[in-house]
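S.K.: Let the hints inform the model, and build the full structure from the sequences given.
What the sequence shown shows, in the working numbering, is residues 171 to 1357, in sequence order.
Don't read these hints as lab results, they were simulated from the structure.
Please note: incorrect hints may appear among the correct ones.
To be verified - Computed list of lysine to aspartate or glutamate pairs in EDC-like fashion (alpha-carbon distance at most 20 Å, straight line):
| hint | residue 1 | residue 2 |
| --- | --- | --- |
| 1 | K480 | D449 |
| 2 | K884 | D947 |
| 3 | K266 | E250 |
| 4 | K412 | E477 |
| 5 | K527 | E477 |
| 6 | K697 | E484 |
| 7 | K642 | E698 |
| 8 | K822 | E802 |
| 9 | K1115 | E1134 |
| 10 | K527 | E556 |
| 11 | K444 | E180 |
| 12 | K610 | D641 |
| 13 | K1294 | E1323 |
| 14 | K610 | E583 |
| 15 | K592 | D344 |
| 16 | K745 | E518 |
| 17 | K620 | E802 |
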Amino acid sequence: MADFLQTVRERVVIYDGAMGTNIQKRNPTLDDYWGKENCSEVLVLSRPDIIRDIHADFFNVGCDIVETNTFGATRTVLSEFGLQDRVAEINLAAVKLAKDIAQQFSSNGKPRFVAGSMGPTTKLPSLGHISFDDMVLAYEEQAAALIEGGVDVLLIETAQDLLQAKIAAIGVIDAMKKAGKRLPVQVQVTLQESGTMLLGTEIGAALTALEPLDIDIIGMNCATGPAEMNDAVRYLGANSTKYISVLPNAGLPQNEGGHAVYKLKPEELAQFHKHFVQDYGVRVVGGCCGTTPEHLKAVVDAVSNIEPAKRDVEPVAAASSAYTSVPLDLEPKPLIVAEEMNTTTRVEHFKNMVRGKKYDDILTLAKKLVNDGSHMLDLCCAIVGEDEKEYITSILERIATRVPAPILVDSTEADVVEEALKRIPGKAIINSINLEDGEKRTSKVLPMAKRYGAAVIALTIDEDGMALTADKKVAIAHRIADLATNKYGIRAVDLIFDALTLPISTGQEEYRTAGIETLNAIERIKKELPDVKTILGVSNISFGLDVYSRRVLNSVFMHEAVNRGLDMAIVNYTKIYPLYKIPQEEVELARKLIFRDASAGDPLQIYMQHFAGTKGKAQAQTAAHVETLSVEDKLKYAIINGEKSVGEGASKKPLEVLLEEALLQYSPLELINTVLLDGMKTVGDLFGARKMQLPSVLDAAGVMKAAVAYLEPKMEKKSGSSQKGTIVIATVKGDVHDIGKNLVDIILTNNGFRVVNLGIKQPADVIIKAAQEHNADAIGLSGLLVKSTLEMKYVIQDLERQKLDFPVLCGGAALTRKYVEDDLRREYSNAVFYSDDAFGGLHIMEDLTAPNGNKEARLNEGRTVKEYSKAVAVDEETGPVFAERSPVVGDAPNIPTPPFWGVRVNRDYNLRELFPYINDTALFKNQWQLKTASQEDYAGLVERKYRPIKKELEEEIIASGLFEPKVVWGYFPAQGDGNDVVVYAPSDSAALAEQSSAGQPRAAVPTLSVVAQDPIVTPLRELLRFTFPRQREGRRLCISDFFAPKSSGKMDVIGLSLVTIGAKASVETQRLFEAGEYTKYLYLHGLSVETAEALAEYHHKLMRAELGISGEDSPHTRDLFHQKYRGSRYSFGYPACPNLEDQTKLFALLHPEENVGVRLTTGFLLEPEQSTSAIVVHHPAAKYFVA
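M.R.: The structure is reproduced here in structure tokens:
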């Protein structure tokens, strides 16, 4: 018989369809079931002809492999029918039936295979329905019979509980070992319509837990149709090192007359499988519930001759809980492992909880630790003379399925570790192994890690004890790595080395260099064993010191370790300070202690001596003639003028009184649809005619919202909906900017539309699902970044693949009309529109929901591809890559010497000095949307209305402390190398004293130093490279051109900066939006963004002064906005350096999260939003350009 996996390697392999569906079509009687209703497995004995015919039907249409009718043939399920003693008989009979038919259809050119089907049973081990050991034995027993019968592959399918999937795989592997036979193993999980497994497990967590096991194929089947599986299949294609299988249902089941009916057509299933194969590299396809031979014939015809997409996926270091996966390579580092759930520490609190069996309190503690920022939990329950196994298993039964963080099982007893692993659904980490007794412990624990798919922490201890030198630590790490990977088959990515450190705080001479040796060991392990990870129990370094001095030393030491490659830290994160919060003097004292710098005396004594003893808005005027208006016109006047009361003096009436008067003549619904919406229409007309600006529009929207909120409770349900139509709007995946989307929400909502606002960072499947659930008339996609334009493209591609017809409105700063109307329209058979502002979206929506011919005319417009030149928003590589320096760029006239090397932080800025650097044009026209004002009106509006508002808001911000300007910046040696800018670590330690004497706080960075004043290069260690795009024609510019080439032998300098005004502004703008204070929201958001830009401009000026090139600055601040100075400031995401991923490199150098509280999102954006980063270039020719 041909080899099944070899066939998978060669081509797409096609499974059969539903067994149950096709059994039901043949109407077996209760007698056929031996009176055991729904026990389909007995049919292999009672009606083999039915099962034989089903197999033949699927082989006849071209399927490569059929599943045995053994889905429920474990002892666990069969015992419910009194058949627990017939497991082997039923499984052997089922295999024989399938193999006989497979042999009849097999040929040399097309072998046919049999898969032994093993379902999830009826028990969920994660919820305690069955013990680990009982379930393993049940699967082992079934697998033994299937192996004996001669199946070609063992198929574990429809796994709804991640722990059950792991148990099944372990049982199958045990059976193969006992049989002395290795068969391919295929594991398929089932995701609900929610996108997770039954208990809430994400596909990433499932993949992380299953990949370390000895299985060959990972996939999905059942519960949903292929459309609902798309995102998960895409994830597997991008992240799984195993072959991928997809066996969907024939769509979502629909209940008709008490029966599940599946309505996905054969050609629809076939097209999805073609997509999965061509686009995601799936190699095993088939069908599940509801799929018939007709479905599979269509699949065979569609995919038999298709080459799957190429996939080249490397294994990733990660752990997982029952719900989510956590990569060990987090940015920014380190991954935090909470140390508080450990009974062996000096803190008695957790030990007392364990002894008292206060398991609910322990669960509360675990949740708190995660909420406080810990990524994982280290669990140790060892208490001398007490039952560690009972403690740890009882705790895990409470927390393993209730806490989203992965678990480190911390025990020296192998049997305790094993019992713990049996209760963890996800991928755990074993803490730990060592070579203290030679291979005695490793010989027990490493096979256990392999069996349960766990990662392992290895301590640098051997037969001689704990290694004290870096050389010895690294040698032990090599020895353990060789043992684990070559002898026990552990993947290198599943090894985590703890280089250990001893306290440098006790005064023992042999431990004085413990910190240095550990840091050097971490750096070497990462370099010499690049696939492994590193971890450290940080607080050991400071044992014996008082509380505050311990925290300072721990914080500085952890920072130094991270700079040398530390991936994970076991620490109480709430007791670690960002370095910018520690006085600079204390940071320096800690560094001197760590590095044993005795230049000023004994660093320990100096350190201990230092810490000794530290145990109103004015109302707008209303014209007098308003009193003579009708109640309808008074309401329209209130809306148009953005006023919640009308009239003056005794005649002044609040909005609510006017509404009550109008309700004497109109129903609430009529009042909204006629009077109020007519007022908003006038607002739109005024805006379109440039007679009203957006802030005034938002005032009107606020009045409209208040009016609708007042009327809604008075509406009769039978009067129907007051809404014109529904739109689902979202900022696309990876983008945190929401101002544009929220403006659309405001305008559409207050013009009678129902807006479902999904928020920021929304993936395609969530957007599409919401549109379907809400029966939306359209989808609105928003995004500020160039990268977001590609995310919009993914949404549209998914809509097209699913043959959905929602019109799509796209808006955002990075979009161009030609990108939408040319590129995006080519991707979609329905309508795509470019919306340049909120009212543009309103006009489109009004047409799309119009009862007359406007809808079809608008849809036809949205489907029409407009021929443009290639859209600038598309980021694709075409043609050869050029790396030669542009001929128009020569050498700089001089290479400045910075005042320091490394990184500094400043948090002391005067807002009165920053505000003059705000670009008023950008604020008024772009942020506050005065771009619609005519040229003659603009200047008058600014001076009469908007500049006073700006001044008032600035004073309010100064008084409230809402803006907290902070900057981290630095200088590094650098050179150009083709299209790369190479960044180096400075060469000696002289800079430490130079930096500390400069009077400014130095940031949390590696020990960096000064480079020679002469720009001639001396050998330096390369830290990293920025790779930039080069223009393909014209001047062929690249940012790397503005640095001294590597071939010149000269060393240049690169500046880096990151500025922020802090998180308070984001919190306040969100509060304003949620409270309906839209105008204030617009003003504050706009000013916050432009203040961050002003801070960047101001600090760039300071950096030019530090480099000695500020003499070329224009004396006029407004000229700085047009680069009238030497050099340039380039930010990621813009045309010259569009790759946002490069933010990670800037973060690696500046450490902004620790230094100024700015973090990177998964989409490489800065949070808080009012932050910006930059590369600072001194070359006179460096100006903005489009690469």
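S.K.: Could you run down the list of hints and mark each one as holding or not?
M.R.: Results for each hint:
1. For the hint linking K480 to D449, the alpha-carbon distance of about 9 Å falls within 20 Å, and the restraint holds.
2. In summary, the hint linking K884 to D947 is not supported, as the alpha carbons are separated by about 27 Å, beyond the 20 Å threshold.
3. With a CA separation close to 24 Å, the supplied pair K266 and E250 exceeds the 20 Å bound.
4. Proposed proximity of K412 and E477 is supported: the alpha carbons are some 17 Å apart, at most 20 Å.
5. Note on K527 and E477: the hinted pairing is violated, with a Cα-Cα distance of about 58 Å set against a maximum of 20 Å.
6. A C-alpha spacing of about 18 Å is found between K697 and E484, which places the hinted pair at or below 20 Å, so the restraint holds.
7. For the suggested pair K642 and E698, the alpha carbons sit about 14 Å apart, so the restraint of at most 20 Å is met.
8. Taking the CA atoms of K822 and E802, the gap is near 16 Å; set against the 20 Å cutoff, the hint holds.
9. For the hint linking K1115 to E1134, the alpha-carbon distance of about 27 Å lies beyond 20 Å, and the restraint is violated.
10. A C-alpha spacing of about 12 Å is found between K527 and E556, which places the hinted pair at or below 20 Å, so the restraint holds.
11. In summary, the hint linking K444 to E180 is supported, as the alpha carbons are separated by about 17 Å, within the 20 Å threshold.
12. For the given pair, K610 sits about 24 Å from D641 by alpha-carbon distance, which is inconsistent with the 20 Å threshold.
13. With a CA separation close to 32 Å, the supplied pair K1294 and E1323 exceeds the 20 Å bound.
14. About 12 Å separates the Cα atoms of K610 and E583, which keeps this hinted pair within 20 Å; it holds.
15. With a C-alpha separation of about 15 Å, the suggested pairing of K592 with D344 holds against the 20 Å cut-off.
16. At roughly 17 Å between alpha-carbon atoms, K745 and E518 fall within 20 Å of each other, so this suggested pair holds.
17. Of the supplied pair hints, the one linking K620 and E802 is violated, its CA atoms being roughly 77 Å apart against a limit of 20 Å.
This entry does not satisfy hints 2, 3, 5, 9, 12, 13 and 17, going by the numbered hints stated previously.
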